[in-house]
Every structure is written in structure tokens, then in C-alpha cells.
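Listed here are the chains, written in short residue letters.
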Amino acid sequence: MAESNEITLTIDGHEVSVRKGTTLLQAAQEIGTSVPHYCYHPGMSSPAMCRLCLVEVEGAPKPMPSCVTQAQDGQVVHTESELALDMRRGVLEFYLVNHPLDCPICDQSGECKLQDYVHEEGREHGRSREPKRVFGRDDFGGDVLFYGDRCVMCTRCVRFMNEVEQDSRLTVVERGNRSIIDTFFEEGLEGTYWHGNIVDICPVGALVSKDFLHKARAWDLDHTDSVCPSCSQGCNVSLHTRDNLVQRIKPRENLAVNGWWMCDYGRMNYEWINAGHRLEAPLVRADGDTRAMGWKEALKALLERAPTAAAHGVKAVASPHASNEDLAAFQALVRDLGGEDVLYRLRVVENERPLKGFPNLARRRELAPNADGAELLGMTRVGDDDASGGLDEVADHDGLILVLGDDLDDQGEEFGRNAACYIHLGAHGGTAPANAHFLLPVTTFAEQEGTFTNRDGRVQRFWPSMETAGAARPPWFVLGVLLAERTGAPAARSAAESFAQLSSRVDAFAGLTYEGLGARGAVVNETVSLTGGG
Amino acid sequence: MSDAPFKNPGWAGNTGEFDLSEAEVRGDDFVGDRERAGAHPSTSATYPYMLAEKNPDVPLFEGEYHERFEKILTQYPTKQAALLPALGLAQEIRGYVSPESMDRVAELLELAPAYVRGVATFYTMYNKRPVGRHLVQVCTNISCNLCGADEVLAAFLRYTDTEMGETSDDGEFTVIEAECLAACGFPTCVQINSRYFENVTPADVPKIVERLKAESGEASGS
Chain A
-10 MAESNEITLT IDGHEVSVRK GTTLLQAAQE IGTSVPHYCY HPGMSSPAMC
40 RLCLVEVEGA PKPMPSCVTQ AQDGQVVHTE SELALDMRRG VLEFYLVNHP
90 LDCPICDQSG ECKLQDYVHE EGREHGRSRE PKRVFGRDDF GGDVLFYGDR
140 CVMCTRCVRF MNEVEQDSRL TVVERGNRSI IDTFFEEGLE GTYWHGNIVD
190 ICPVGALVSK DFLHKARAWD LDHTDSVCPS CSQGCNVSLH TRDNLVQRIK
240 PRENLAVNGW WMCDYGRMNY EWINAGHRLE APLVRADGDT RAMGWKEALK
290 ALLERAPTAA AHGVKAVASP HASNEDLAAF QALVRDLGGE DVLYRLRVVE
340 NERPLKGFPN LARRRELAPN ADGAELLGMT RVGDDDASGG LDEVADHDGL
390 ILVLGDDLDD QGEEFGRNAA CYIHLGAHGG TAPANAHFLL PVTTFAEQEG
440 TFTNRDGRVQ RFWPSMETAG AARPPWFVLG VLLAERTGAP AARSAAESFA
490 QLSSRVDAFA GLTYEGLGAR GAVVNETVSL TGGG
Chain B
0 MSDAPFKNPG WAGNTGEFDL SEAEVRGDDF VGDRERAGAH PSTSATYPYM
50 LAEKNPDVPL FEGEYHERFE KILTQYPTKQ AALLPALGLA QEIRGYVSPE
100 SMDRVAELLE LAPAYVRGVA TFYTMYNKRP VGRHLVQVCT NISCNLCGAD
150 EVLAAFLRYT DTEMGETSDD GEFTVIEAEC LAACGFPTCV QINSRYFENV
200 TPADVPKIVE RLKAESGEAS GS
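Protein chains in written order, with the working numbering: chain A, -10 to 523; chain B, 0 to 221.
No lab work stands behind these hints: they were computed from the structure. Each residue gets a CB set at the ideal place from its N, CA and C atoms; glycine is no exception. Treat the hints loosely; a few may be bogus.
Pair by pair, the computed Cβ-Cβ distance ranges are [what the hints assert, rightly or not]:
| no. | chain 1 | residue 1 | chain 2 | residue 2 | range |
| --- | --- | --- | --- | --- | --- |
| 1 | A | 89 | B | 54 | 41 to 47 Å |
| 2 | B | 99 | A | 345 | 24 to 30 Å |
| 3 | A | 339 | B | 65 | 49 to 55 Å |
| 4 | B | 184 | A | 120 | 45 to 51 Å |
| 5 | A | 61 | B | 83 | 34 to 40 Å |
| 6 | B | 141 | A | 57 | 32 to 38 Å |
| 7 | A | 63 | B | 102 | 50 to 56 Å |
| 8 | B | 200 | A | 89 | 38 to 44 Å |
| 9 | A | 1 | B | 141 | 52 to 58 Å |
| 10 | B | 99 | A | 63 | 53 to 59 Å |
So these bits of chain B aren't anywhere near chain A, every CB distance computed over 12 Å [to be verified]:
| no. | residue |
| --- | --- |
| 11 | 78 |
| 12 | 98 |
| 13 | 102 |
| 14 | 105 |
| 15 | 110 |
| 16 | 111 |
| 17 | 121 |
| 18 | 122 |
| 19 | 123 |
| 20 | 147 |
| 21 | 157 |
| 22 | 201 |
Every beta carbon over 12 Å from chain A, so not counted as near; a handful from chain B, in silico [stated by the list, open to error]:
| no. | residue |
| --- | --- |
| 23 | 16 |
| 24 | 42 |
| 25 | 64 |
| 26 | 169 |
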């Protein structure tokens, strides 16, 4: 008999073929059926202890936990039969015996699995008349607050700390209805680097983020796919916004990069996106006077002034926080003006913070999302590991200075004083940028579309999640218009067009299309890097 | 005093015989000073090793106790597997399993302290707080409850002058409820330290308490 790795079974009347070893729960997902579950998480082991994913299997004496039962050839499974529904109704009733039902003040409300399941399949009314046992709250340290009464004891958090972070800080204390999640007395989660994930994987409101506590209701938040800008790992994230402010950052599943996880550093590093002090209109300085102008006027003046200044040489500084399109458009303009090298500065910290239980995932040493993009474009890194210095020649340059994104915090009042023309594209002003002849407001990554290249050469898209501040425009757009005015070639009207220009011009990005990147990204020159030549 | 039919370790006497001595209940071979180093390794992890005097401040797993701990380790394939007897040894020495004891056990067995706490709190026979010289556990599960365990419990609380779970001022008694002690044929069952008292009625309680007090007096007087 031929060995086959494929088996076929029937779930709710649909035939589905899966690989041997697939669990019933995963097989059901193949046909779009989500079996209710708490303890099962694809990134961790399954203890089959929540008893919610029980399904009816024909021929089996008892209901089977679908998260650990492997699919068999010819099996007939019912997830919505009378028995299965009855069972879930019963299990859910038990879950509510001691649940405080404090949804109106619970942060998880609206994205709570207990709420969802009870609403869908639970009993209309509970029958328990006994007083509920009460635990109250416990501060776990770090960003985590624990509401013991809401807990359903799925132990996802315990298993995350054991298996994924591999720092067993959490455990189940006591037993029976007194059991509760806790750390070793006052030890807490302080000092762990990925504990924000236990808030994400908690299916109910037992573990909540202190940072997000009572900040927004889940249904008021807009979710936008994005890429974490905090380091070169490029974790896929979702920006949750309300009132044009980022309220929190959550990881987004991408098995090739970050799985389901993200580090606490990236998670908490979002306040700068909401910073109010933004450049909102082009500022043009001429004859000792700074004036706000419309874009058209400002760019016209810029195009008149820049070429003459460029005759004395062009110095250019970019930021590894800018997108691939921004950097490429910047480089193209610099080259058109007669410049060559583009410098960038990068903050590099001492230690990596790996997540032990997931391959190739860490808070990387390079604290910028697109250092790889800058390298692939042939830009030159200068300065120290704290992203300072290295710009002495630029500061005193008497020709044309172009700066993109770098706020030049370490540079003094003298920066660019001698320049015949100093053009600065930034989201925020500052001491050195105040010297610019043309201070042009551009968007942050959260306000524009674009791509970052992570440390493994994976080009990943992000989407705009906020309204732009004032008249700020994406850098690729401003720079593209300037270049088009000079060369007569058409300017990119969208990030996609800008990326197409980039991939046709830069070999490293050849063959990549914006649509092809999708939501998961694609690796540059994959064949080259795989053979070690890249 | 009755004629014990044979030296049956653990035989608790006939109904109402609450004045039996430890030797009569346990058999001569099972009474007396134990080797603190644990004699043969195969028995090093097991009861009876109850000490009359607990010392909450004694260093754990040092000297003879270290020897005993090492013997316990030889009986298990992994260090983690030795967790329960290691906690038991800590309780035997100190009378209860304190957070510091858990931390020390975790360190010795190369486990996470939180995990050790999880295990220690799961089992009711580890005392997580100091208890009196006599830990009185009154079964209030079904059989005993039907036969008046609640009254027996109330009597113990009254005659020892304690609140449930608290230790009496003289450090003699801690009275707690226990779930089934597996003596459903002889309700109400009361376990005092490692010894069972069966068929206890509220009327028996003063006698038992007096005897326990007298025992303590002898121990401290000698």
C-alpha cells in the first residue's frame, strides 16, 4: 500500500484533506470553521484543559478535545451537533459561575472570547445562586495587571512564559476554584522583555495592559497593518488608533518574522508618533526672515536656489527611519543634483534581546526599521552607536545640504549656517533644522504608505493609520515632484508607483512588486542571499 | 487500654480508645528517634519522620539533612522529580513550607521558584503557614459530615480556643477542616499530625485535647 501523507475526513458535512498529524481544530480551520477554544494557541503546546474545543467524533465514546486529537482518515466530526453545542453551553455556564461579569468596566470587552462565546452559544441566564469567590487585582509588575476573577485558567500566559519567553515567572497557585495565576510572591514580571504578549494571548480580561488601562474601548479602535519601527527586526504589527492617536501597538501574525509576538520595547515605543509638535507647513528662510508658504511656492523657490548651491558640492543625510521609497527618491534627487554619497546615522545598542522560544526573533541591536534598506541603496553609515556625530563635514559645508528625516538633535546652532542652501525634510523641527532655508514638513511612517527592509532583507509594507499633520506630505511624494520638475519624467503619484521606480532602478529590489509584497512581505534577491552571495 | 491483636503500624485502636500511646498505635518498630540523615536511601523520602519539635529558623538541607537530601536525589531520575519529597523534608524540619524554603528548594533542584510555589500550593499537606504542635484536621466531607463532623469541628475549636486555621496562643493547636481522609467507615475521622482518631464525637473532644496537652507537657518536662 502506498504511503500517503494526506488523509481525508468529514467535518460538519464538508470533506477536507489535511496532512497526517493535523489536529481536528486545525483541520476545521481549513474549511473556515473556528472551534471555540481558550487554551489552544498555535504558538504553544496544547494542554487541552479549557474543555471548550470538545467536538463530537462519530465512533468515539466521548467528546474529543479537538486541539489535541489528531485527524484520522475517514473520520466524521461534528462541531455544531446537538451534543457539541450542549457541551459547550455547559462548559460556558461553569466559566461564568465565578466570573464577575464586569464587562462594562473591562478593557477586554469587545474583543473578549468569553463574551463572544457566551453571546453566541451560552445559556441566556445563569443558574448559579451561590456567592462568587473573589480574588481582586494583582499588579504583576511591568505593564501587566491581573484581574483574578476574570481568569478562565487557560494557562496561556503560564505557557508563554515557560515555553516561549522561557523565563518561568508565572504559575498556577492553589487548586480547584481557588486556583489563580501568580508569580513567585512579589517577584513579578519585572525584568522580562516580552511579557506584553501575555496580555495579547489572554482570551479574556484577566491580564490587561496598564498602559492601555481604561484608555479606549476595543470597538472604537481602528486597526491598521503596519511594521514596528523600533528595531531592524521588522515585526509585523497593527496600530490601534482612536481620535487620530495611536492608543496601542499589537503584534500581527507573520510566521516568517515575528510569529505572534513582539517585544515590550516596540510595544511601548509609540508616544513619539502622537507627539503634537509637528511641522505643518513648508518654512522658507530668506534674507533673515522665515515664512510659511504653500508647497507650490516653496518648491518653486527651492528649485531656483538649489542648483546654484549644488555647484559648490552636495552633502546629503538620510534617516534609517524613512521608508525604502523615501530613501530611494531622496537618493535619486541627490544624484540628479550632482551629489553622490548619502550618509545615515544609526542608533545601535549593546545587547540583543532574543525571544528564546521563537527562531530568529529578537529586539535587535539596531534601533531603526530600515537600516538594511539604506545599506541596499548604497548609503554610508557614519557617526557613533548613539546616532550622533559623523556630520562635521556636512555641518560646515558651504554648498547644498539635504537632510531627510534625521532631526539632528546632537547638532548645534551652527549646523548648516555656511550652506548656500540647506534643505531639511522632517516631521519635527529642532535647533539645527531651524537653520534650514527650506524646512519641509513630511509625514511619519504612521501617516503614509511605504515599505521597510528588515535585517533579513525582507521588504514589508505598512499602511497609513493617521491623518497627516497640517500640510505634511510623504517624502517620496515631495522628492518625486522635485525630481520630476528637474528631469521632466513623471512623478510617482502613489507609494506603489514610487516602489516600482525603486525596483526598476536598484538591482537589490529588482523583481519585487508592491502588490507581490502583500501583507507578509518578500525577501530581496532571495536566490542570491540563499546561496550566500548576497 | 485494649489488647492490640498484633503490632499493626497505623492501627488506631478500637472505638473510643483515644488514650493509646504512640507506641501502641504505631508499633514499637516505628517509634523513636529517626536518623536525621535518613537511614537507607530507599526510605529517605518517606514518612514517618515527624519531629516533635519544629524549628522554623534551622538552615535547610545542611549537615545531616543535606545527606538526607542527597539520598532523596538518588531515588529519582531527574531533580524535578524529587520536588515533592524535598518540600516534605523542608516541612519536616521547619514545620511549614515558607517562601524562603520554596526558593531554596527551587535553587537546589534547578527549578523556577514560581513553579515550586505552584506545586507547593497545589497540595494541601504542605503547610504554607506555621502550624501548632498539633495540627488537627477534621474531616468534613460527606460521610463524616452526615455523622456530625461540623459539631466535632466546633468542639475542637472551642476546647482549643482557636479560630479555624489559626494557631492557639500557646502554640499547641491549629484546627483546620480536611477533605476526605479515606476513613469513611469510621466517621467522624480526625487526623492529628500523622495519626488518625476515628469515630470521634463532640463528647470525645475534651478528652483528646487534654491528652494532647498532657503529651506536650511530658515532652517539654522531660
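Using the beta carbons of residue 141(B) and residue 57(A), state whether their distance is inside 32 to 38 Å or not.
holds, 34 Å
Cβ-Cβ distance between residue 339(A) and residue 65(B): within 49 to 55 Å?
Violated - the Cβ-Cβ distance for residue 339(A) and residue 65(B), about 41 Å, lies outside 49 to 55 Å.
Taking C-beta pairs only, is residue 201(B) more than 12 Å away from all of chain A?
With a cut-off of 12 Å, residue 201(B) remains clear of chain A, as the shortest Cβ separation is near 28 Å.
Assertion that residue 105(B) lies outside the chain A interface [Cβ separation over 12 Å]:
violated, 8 Å
Starting from the hint 41 to 47 Å, judge whether the C-beta atoms of residue 89(A) and residue 54(B) obey it.
holds, 43 Å
According to the definition I'm using, a residue is off the interface if its beta carbon is farther than 12 Å from all beta carbons of the partner; does residue 98(B) meet that for chain A?
violated, 5 Å
Cβ-Cβ distance between residue 184(B) and residue 120(A): within 45 to 51 Å?
violated, 34 Å
When you look at the beta carbon of residue 78(B), is every beta carbon of chain A farther off than 12 Å?
Residue 78(B) is indeed farther than 12 Å from all Cβ atoms of chain A, at 15 Å.
Would residue 16(B) pass as off the interface with chain A, using Cβ distances and a cut of 12 Å?
holds, 35 Å
Quick one: are residue 63(A) and residue 102(B) within 50 to 56 Å, going by C-beta?
At 53 Å between Cβs, range holds.
Regarding the assertion that residue 121(B) does not contact chain A, is the least Cβ-Cβ distance greater than 12 Å?
violated, 5 Å
Would you check whether the claim that residue 147(B) is not at the interface survives, using Cβ distances to chain A and the 12 Å cut-off?
holds, 24 Å
Of the numbered hints listed earlier, those contradicted by the structure are 3, 4, 9, 12, 13, 14, 15, 16, 17, 18 and 19.
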